[in-house]
Amino acid sequence: MAETQTGARLKALRSDRGGEFQSNEFKQFYEKEGVLQQLTTPYTPEQNGVAERKNRTVVELTRSMLKSKNLPNPFWAEAVATAVYLLNLSPTKAVMNITPYEAWFERKPIVSHLRIFGCVAYTLINSHIRKKLDAKSEKCIFIGYCIQSKGYRLYNPETQKIIISRNVMFDENTSWRWNSEGVEASISLPDDEDEGSKEPQLETNTLPKPIQVYRRRGNQPSQEKTKTLQELYTTTQVLMVADPDCFEEAAEKEEWRQAMDEEISAIEQNQTWQLVELPKDRIAIGVKWVYKTKFGPDGSILKHKARLVAKGYAQKQGIDYEETFSPVARFETVRLLMAVAAQLKQPIYQFDVKSAFLNGELIEEVYVEQPEGFEVKGKESWVYRLSKALYGLKQAPRAWYSKIDAHFQKLGFKRSKNEPNLYVKHKGEEGLMGVCLYVDDMIYFGTDDAMLREFKEQMMAVFEMTDLEKMHYFLGLEVEQEEGRIFISQRKYATNLVAKFGLKGCNPVQTPMNTNEKLTFVDGTGPTDATRFRSLIGGLMYLIHTRPDIAHSVGVVSRFMQNPTKQYMGAAKRILRYVSGTMAYGLWYEAMDSPMLIGYSDSDWAGNLDDRKSTSGQVFFYENNAISWSSKKQATVALSTAEAEYSAVTSAACQAVWIRSLLEELNCEQIGATTLYCDNQSAIAIANNPVHHNRTKHIDTRLHFIRDLVEKKVIELQYVNTNQQIADVLTKSLTREKFTWCRDMMNVLDFELRGSVESNSKSEDVLDLAENAYEEAKFGKAINKLSV
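So for the sequence shown, my numbering puts the first residue at 1; every next one is plus one.
Hints listed in this document are in silico derivations from the structure and should not be mistaken for laboratory results.
Please read these numbers as outputs of a predicted model, since none were measured by experiment.
From the three backbone atoms N, C-alpha and C, an ideal C-beta is built for every residue, glycine too.
When the alpha-carbon atoms are kept at most 25 angstroms apart in a straight line, the in silico BS3-like pairs for lysine-lysine are as follows:
1) K311 <-> K288
2) K150 <-> K108
3) K11 <-> K93
4) K288 <-> K394
5) K108 <-> K500
6) K292 <-> K303
7) K492 <-> K108
8) K292 <-> K311
9) K500 <-> K294
10) K136 <-> K161
11) K354 <-> K292
12) K632 <-> K732
13) K414 <-> K425
14) K394 <-> K292
15) K632 <-> K573
16) K311 <-> K379
17) K294 <-> K470
18) K394 <-> K305
19) K504 <-> K93
20) K354 <-> K403
21) K732 <-> K633
22) K11 <-> K54
23) K470 <-> K414
24) K425 <-> K470
25) K294 <-> K305
26) K566 <-> K633
27) K456 <-> K403
28) K414 <-> K427
29) K150 <-> K139
30) K316 <-> K280
31) K303 <-> K470
32) K54 <-> K93
33) K633 <-> K613
34) K354 <-> K414
35) K492 <-> K294
36) K573 <-> K504
37) K403 <-> K305
Simulated DEER-style distance windows between Cβ atoms:
38) N689 <-> G505: 52 to 58 angstroms
39) K108 <-> V637: 46 to 52 angstroms
40) E252 <-> E457: 39 to 45 angstroms
My request is simple: use the sequences and hints to build the entire structure.
The structure is reproduced here in structure tokens:
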């Protein structure tokens with residue numbers, strides 16, 4: 001059977017020295033078929049350990065299945081067959097990342113039809129074999145799956161028949177109750193007891209052997225909502241780690257009680273509050289417990305976090321708070337820091353400040369109620385006056401930022417003029433250290449080991465912190481670090497997003513947008529769930545932080561969040577289908593010989609069919625490392641392609657100035673002008689020529705900012721052929737060949753393909769490679785083997 005099903009020849013058979021394996025008939029069969037016979041040494045079963053261990057696994061599963069549903073031992077053969085059936089659908093180390101079923105049949109197994117062995121089941125009696133007033137169903141025991149037919153194996157203890165049927169309803173929480181005759185016992189309860197208040201005591205007896213087997217026709221088990229094993233496992237895990245909704249629920253579990261104790265301990269150690277009587281003219285703000293299970297990038301549980309949160313919505317401005325604004329780092333800054341660290345061949349480290357907001361000092365007079373479960377006996381009516389901030393207070397983020405900002409400056413760091421959450425410290429000509437802060441998470445790198453050690457000691461002496469060592473998971477970004485190379489992706493986030501919207505296991509597509517589809521506000525496909533659509537778009541927007549290849553497509557569908565239709569939902573799901581096939585993709589950052597900042601700017605003239613506004617696209621590379629990108633609809637209607645390109649170039653130039661300033665603060669000052677590539681000669685001419693004429697007099701004055709930058713030699717505009725324009729992917733939907741080329745040129749690659757990525761130090765080499773690669777793409781050659 002194995003040879004017939006696989007087309008492969010059996011070469012050898014290993015067994016113990018049982019008589020059935022050493023019979024003359026068996027030996028003749030070996031010789032006839034040319035199969036090598038292998039026998040274990042006498043009394044050495046471990047030489048056939050795989051088979052022996054699997055036997056034990058099957059027996060243990062069989063025993064558990066029989067006992068869990070109180071089935072007699074004569075059902076052992078049915079239980080064994082079911083156990084083997086389930087093992088073939090389950091993951092195993094023998095075949096990595098797939099199941100035995102998938103290895104054999106080359107397709108993923110469907111597990112939606114699986115049911116609990118031994119449960120009570122009701123099978124439909126076909127109308128042809130029943131009378132009008134007969135029962136429509138038959139109560140049976142589920143005993144396995146039919147191998148020859150798409151149906152379930154059921155046993156009726158009353159008729160002693162095995163039935164194979166496809167129309168079955170299962171009651172998986174119940175099991176058959178047996179009496180001495182092997183049929184269901186009727187349970188009589190005393191008059192003074194409610195039904196179900198007493199567990200019936202039943203006997204388990206041997207079962208009459210099954211006699212007849214017959215089949216019933218009907219509809220096969222529904223496969224409309226099929227689930228793979230991984231989906232089933234993920235769903236089970238989510239149910240197992242559901243966070244508590246209230247204090248009473250959390251108090252019943254040891255891990256959450258411990259988490260709450262740790263939170264209260266941190267608050268008290270930090271001298272956050274003082275227990276006082278509430279003044280008559282003041283109102284205490286309520287507090288509540290918030291529970292959250294934190295996971296690692298591999299889905300494992302990192303810790304259980306209980307946070308005491310103030311009900312800040314009850315605060316009144318001018319009484320409980322004044323200013324609330326607090327900056328956070330841009331993701332462009334985070335990526336730039338990674339690119340610089342990779343260039344310097346230095347690892348990036350990570351800190352997590354425990355209960356960061358509790359360190360922020362308050363200048364206002366704020367009172368809060370005592371937390372539930374931690375009231376002080378005899379003083380239940382008293383309240384806490386806060387000297388430091390609590391999570392949930394409107395001014396808590398600002399208070400924390402003021403505290404950490406003052407501390408960094410005390411340590412000798414200078415706050416960046418261009419990024420308020422970036423701090424830089426210099427030591428001599430070579431010593432450099434950079435720190436980027438995002439609320440209570442911070443990443444840092446340095447070229448001097450002594451500076452790094454000193455910084456770590458100084459921080460941990462003032463704040464209670466968790467040293468996460470090398471950066472590996474930050475704001476949903478998964479980071480892999482090698483010497484001089486950093487890879488960032490959002491694989492876990494993308495996986496969860498695809499699963500959330502029911503597209504796990506879907507057929508992936510090669511591009512995020514259909515080149516023939518134009519979305520407009522005039523759409524007659526009918527409305528869709530607006531909340532679900534907006535949730536999907538929001539999820540995709542966060543994915544753009546490591547996936548510039550979907551920036552344009554997400555920007556297009558995000559324009560229709562006000563009144564989404566089925567067509568817009570279909571376009572958004574297509575992006576998700578593309579993501580499902582490229583979840584392991586991310587950005588590579590590598591060290592270069594002569595790092596330079598270069599940019600690409602492009603525009604799609606009048607691409608929006610509703611208002612005829614154009615779309616600007618820009619991408620900047622710190623040499624070949626993509627650090628910043630944008631796809632944005634222009635604010636005004638352009639009257640020509642040149643005007644649209646000119647507007648896009650001006651916007652890109654502003655971004656270039658900002659990046660240059662950041663690089664200068666990080667000791668990576670750019671020598672000379674930053675090259676900005678544009679594929680429109682007219683736009684370049686307008687920027688280089690300050691003469692006004694009829695074709696440019698209507699252009700907004702602010703767009704001429706690029707002229708000043710060109711004159712000061714901050715920006716140098718150079719022409720690039722449209723076929724070599726990398727920013728093309730940020731302005732319009734492309735063919736598969738051009739899209740794949742642009743994605744590879746931005747270093748958006750699968751982590752497993754890192755060995756095929758080689759770096760070039762000159763932008764001219766990149767352009768030559770781009771031209772050759774695109775020409776190859778038009779002839780259908782393998783784009784994923786490009787060396788960037």
